[in-house]
Amino acid sequence: MTSSIEENSVDYIVIGGGSSGCALAGRLSEDASTSVTLLEAGGNGDTWIVNTPAAVVLMVPQTLNSWGFETVPQKGLNGRLGYQPRGKVLGGSSSINAMAYIRGHKSDYDEWAALGNTGWSFQDVLPYFRKSEKNHAITDEWHGNDGPLSVSNLRTDNPFQQHYLKAAEQAGYPVNNDFNGAEQEGLGTYQVTQIDGERCSSYRAYLLPHMGKRPNLSVETGAMTQRVLFEGKRAVGVEYRQGGQLKKIMARREVILCAGAFQSPQLLMLSGIGDSAELQKHGIPVVHHLPGVGKNLKDHPDFIFGYKSDDLNLLGLSLKGGVSLFKEIMRYRRERRGMISSNFAECGGFLKTRPELKAPDIQLHFVIALVDDHARKLHMGHGFSCHVCLLRPKSSGTVTLKDANPETPPLIDPNFLGHPDDVEDLVAGYRMTDRLMKAPALARYITRDLFTADVKTDEEIRTILRQRVDTVYHPVGTCKMGVDEMAVVDPALKVHGVESLRVVDASIMPTIIGGNTNAPAIMIAEKAADMIRQGL
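Convert by adding 1296 to the 1-based position in the sequence shown; the result is the number in this note's numbering.
Incorrect hints may have been included.
DSS-like, lysine-lysine: derived pairs with alpha carbons at most 27 Å apart [stated by the list, open to error]:
1) Lys1752 - Lys1673
2) Lys1543 - Lys1529
3) Lys1673 - Lys1623
4) Lys1462 - Lys1604
5) Lys1648 - Lys1734
6) Lys1734 - Lys1673
7) Lys1734 - Lys1462
8) Lys1752 - Lys1648
9) Lys1790 - Lys1402
10) Lys1430 - Lys1509
11) Lys1427 - Lys1790
12) Lys1604 - Lys1529
Just so you know, these hints were derived from the structure itself, not from any lab.
Kindly generate the complete structure, drawing on both the sequences and the hints.
The structure is reproduced here in C-alpha cells:
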C-alpha cells in the first residue's frame, strides 16, 4: 500500500452516496458552473441485484452492498447485540431497503419548527417532497408527478394484499389508500420507490441519468473518507482512501456530510468536531468542541410476528415453491410483474394505541415471507410475518468512537427499550397487531404460530419483546438540527462553530419521524440544495 497523495479541487465535496448524498449531488450539479464530487465507500448502484426488488433478501442479511453494523449489547434487550444493515453502495440504504414510500406525519415537521428550526414545518417541507416525487398513481395536492424519484403501486398481484385489507376491516381498523395524503392513520398497501417493477434508488433517480453527461459531476466509488480537512475552523477538503492510495480533494465552497446517522457523526469526531473530552481520549486534535455530536440517536424498536403457512403465494423454501418461484422469475423477465417485483413488506399502516393521540404511534409492515432475525435465520416451508414498530420512542442512544481509525465501525447504542414507557407502548402495539393477525381473513392461512403461540399476558409480552425486538432500520438524530447547546447543525444544516461544513442526511432530524426515513432523507437533500443555491 502506497502513501502518495493525489490532490485536486472542486466547489462541493459530498461525502456519502446514499439517499441524501445522491439527491444532493444530482441537484447541485444541475448548475453547469458548479463542480461536484461525490465520494462513496461502496460500489456500483446499477446492478441486477440492486434493481431487482426481491433480491433485497440477498443484501440485508449479510454485507453484500451493506455495512452490516452491530450495536453494543442492549440492556433493554437482555444484553443482545442488535443488527444494523446500512447501504454500502451508490444509493446507500435506498438500494437495499424495502422501498416503502412514506413521509411521516405532518405533526413531526411542525414539531421541528416549534423547536426553533425555522423553515422546517410541514408546509415548508411539502413542496420538497412533491419536487422529489414522480407518482405514477396519485395526482393531487399532496403528491408530485414530475420529480426524479419514481413512486408507484406494487405490481405483485399478490392476493394476500386483499386478505390483509379484509382482516383490517374484520379487526375494526380503518383502511387507508394513501398514507402520504390528508390522513396517515389506517392500514393498506404501501406505495414503493419502483419504476416499471424495478427498484428506483436515490442513485437511479438523481445521478444515473447524468453519469458521463455532466462534466461538472464526478462520482468516486470505493472511496473511504478518512477525515475532513480544516484550516483553522474552515473546512477546506477531504482525505480519503481509494485503491490502496491516500488521496486529498479540496473544496472551494463546502464539504457536505451525507454519510448517515452512524457515519456522519463518526466522521465529524474523526475530524476533530465533537465532545472535546471524548476526542482527546482517542488522541484526536480538537477543532471545535460540539458535545451533541453522536448524541440523540433515535430508532424505531420493532417486533416481528411470524407464521407458517401452506400458501404458495408466500415466498418460502419448498419443492413446490421452487417450481412456483421459477415461473415467477420467468414472468418477471417478461413483464416486470409478480413475486420478484415484491418489496416483501407489501402492506402495513399506522395505528393509534390510544384514541386521544394526535398521530399514530405504531406502524405495521406485513411481509409475504417468514422473517426471522433480519432473514438471517431461514425456515423451511412458506409463511408470512408482521412487524410492529414504535414510532416515537422515548429512549435515546448514542454513536461514539471505538478508536481513531476511520476503518473501525463506530460504537452504536440505540438504547432500545431503555425507557419503561417504550415497553408499555409496544405491549399495546403488540396486542393491536395480534388482533389483526387473528382476524379470520389471515388466521385461516396460518398453520403454525412460530414465536407467539404461548404469549398471553402482558408480562409474557414484555418478556418476548425483550427477547426479539430489534431495529426496523430507521436510525436518525445524531447530528441534530437546532438552536440549543446540544444541536450539531443550524436550520440551514451548517455545523455550529465552524465554516463551510454542512450535514445533509437523516442524522439532522431533531426528533424521529413517524414512518420510514428514506423519503424524508431525500426531502432533506432537496431542501438543502435550494438553501445552498440561495446562499443560506
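Structure-based check of each hint:
1. Lys1752 - Lys1673: 25 Å, holds
2. Lys1543 - Lys1529: Distance ~21 Å between Lys1543 and Lys1529 Cα, so the pair holds.
3. Lys1673 - Lys1623: 25 Å, holds
4. Lys1462 - Lys1604: Roughly 20 Å separates the two Cα atoms, so the pair holds.
5. Lys1648 - Lys1734: 19 Å, holds
6. Lys1734 - Lys1673: Judged against 27 Å, a Cα distance of about 24 Å means the pair holds.
7. Lys1734 - Lys1462: 12 Å, holds
8. Lys1752 - Lys1648: This hinted pair holds, its Cα atoms lying about 21 Å apart.
9. Lys1790 - Lys1402: Answer holds: Lys1790 to Lys1402 is near 24 Å, not above 27 Å.
10. Lys1430 - Lys1509: 22 Å, holds
11. Lys1427 - Lys1790: Status holds; Cα separation ~23 Å.
12. Lys1604 - Lys1529: At roughly 58 Å apart (the allowed maximum being 27 Å), Lys1529 and Lys1604 break the hint.
Of the hints listed earlier, the one the structure fails to meet is number 12.
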